[in-house]
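Chemist: Residues per chain, in single letters:
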Amino acid sequence: DGGITQSPKYLFRKEGQNVTLSCEQNLNHDAMYWYRQDPGQGLRLIYYSQIVNDFQKGDIAEGYSVSREKKESFPLTVTSAQKNPTAFYLCASSILLGTGELFFGEGSRLTVL
Amino acid sequence: GIQVEQSPPDLILQEGANSTLRCNFSDSVNNLQWFHQNPWGQLINLFYIPSGTKQNGRLSATTVATERYSLLYISSSQTTDSGVYFCASLDVGSQGNLIFGKGTKLSVKP
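Chains as they are written, first to last, in our numbering: chain W, 1 to 113; chain U, 1 to 110.
Fair warning: there could be bad hints in the mix.
[Unchecked claim] Here are the computed lysine-lysine pairs in the DSBU-like style, where the Cα-Cα straight-line distance is at most 35 Å:
#1 K71/W x K102/U
#2 K54/U x K14/W
#3 K105/U x K83/W
#4 K109/U x K57/W
[Claimed, not checked] Covered by chain U, according to a simulated footprint, are these stretches of chain W (three or more residues, beta-carbon under 8 Å):
#5 38-44
#6 59-65
#7 95-107
Everything labelled a hint here was simulated from the structure, so no lab data went into it.
Fair warning: this is a prediction, and the values are worked out from it, not measured in the lab.
C-beta: ideal position from N, C-alpha, C; glycine also.
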């Protein structure tokens with residue numbers, strides 16, 4: 001089945017540690033996105049990528065980094081510089097940037113202890 | 001950037017009832033979409049509806065782009081409709097930044 005796979009689903013981290021969230025899609029979509037969701041809030045864009053080896057900052061990129069070495073993969077690293085990293089992280093993709101339906105993975109819940 | 005306002009913020013229905021959810025936008029709408037987030041956090045795309053009306057089973061959506069709003073209709077609601085409904089539109093001048101509202105939390109009681 002085509003879709004977006006995120007891992008891990010749950011992750012606990014100590015303060016000061018970096019952590020990488022995985023996102024893989026087999027929809028053959030060019031564009032991929034990372035969103036953050038806090039309780040009772042909508043989604044906010046962290047980073048997006050239009051094509052391999054290209055990515056752009058979203059509204060809340062500080063303390064995060066990404067890479068896009070393969071079309072299928074768009075991992076997100078939450079660095080120790082992110083001051084409030086506890087949140088629900090959602091990866092998404094669309095056929096082209098800003099065009100068509102946005103499809104989401106099941107999300108990764110990060111808790112910093 | 002564009003502001004997205006959803007109403008009502010919370011809604012409780014008895015199973016079988018109908019409801020209308022609304023999104024207002026502060027600027028021109030582009031690439032407008034509706035999503036449902038289930039209690040486990042999964043977001044499902046319900047409609048891609050930059051303009052006009054679409055129907056999918058008990059759900060339908062209408063976007064009036066000239067007046068900067070969109071409506072989501074749920075008929076004969078079921079308990080499985082519970083969750084949070086979000087609308088989103090591309091930010092003004094952006095190619096990739098879809099701006100989400102804060103959502104309408106729907107609870108359907110049996």
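Chemist: Can you take a look at whether the stretch 38-44 of chain W is actually covered by chain U? Rule is 3+ residues, C-beta closer than 8 Å.
Modeler: Coverage by chain U holds for the stretch 38-44 of chain W (5 residues, Cβ < 8 Å).
Chemist: Run the distance test for K105/U versus K83/W: straight-line Cα separation, threshold 35 Å.
Modeler: Answer holds: K105/U to K83/W is near 28 Å, not above 35 Å.
Chemist: Is the straight-line distance between the alpha-carbon of K54/U and that of K14/W 35 Å or less?
Modeler: violated (47 Å)
Chemist: Is the coverage entry for the stretch 59-65 of chain W by chain U consistent with the three-residue Cβ rule at 8 Å?
Modeler: As far as the stretch 59-65 of chain W goes, the hint is violated, because 1 residues have Cβ atoms under 8 Å from chain U.
Chemist: Mind checking the alpha carbons of K71/W and K102/U for me, to see if they're no more than 35 Å apart?
Modeler: Holds: K71/W and K102/U sit about 31 Å apart, inside 35 Å.
Chemist: Is it true that the CA of K109/U sits at most 35 Å from the CA of K57/W?
Modeler: With Cα atoms ~41 Å apart, K109/U and K57/W exceed 35 Å; violated.
Chemist: Do three or more residues of the stretch 95-107 of chain W come closer than 8 Å to chain U, measuring C-beta to C-beta?
Modeler: Our answer is that it holds, as 10 residues pass the Cβ test (under 8 Å) against chain U, meeting three.
Violated hints, listed in ascending order, are 2, 4, 6; each of the other numbered hints is respected by the structure.
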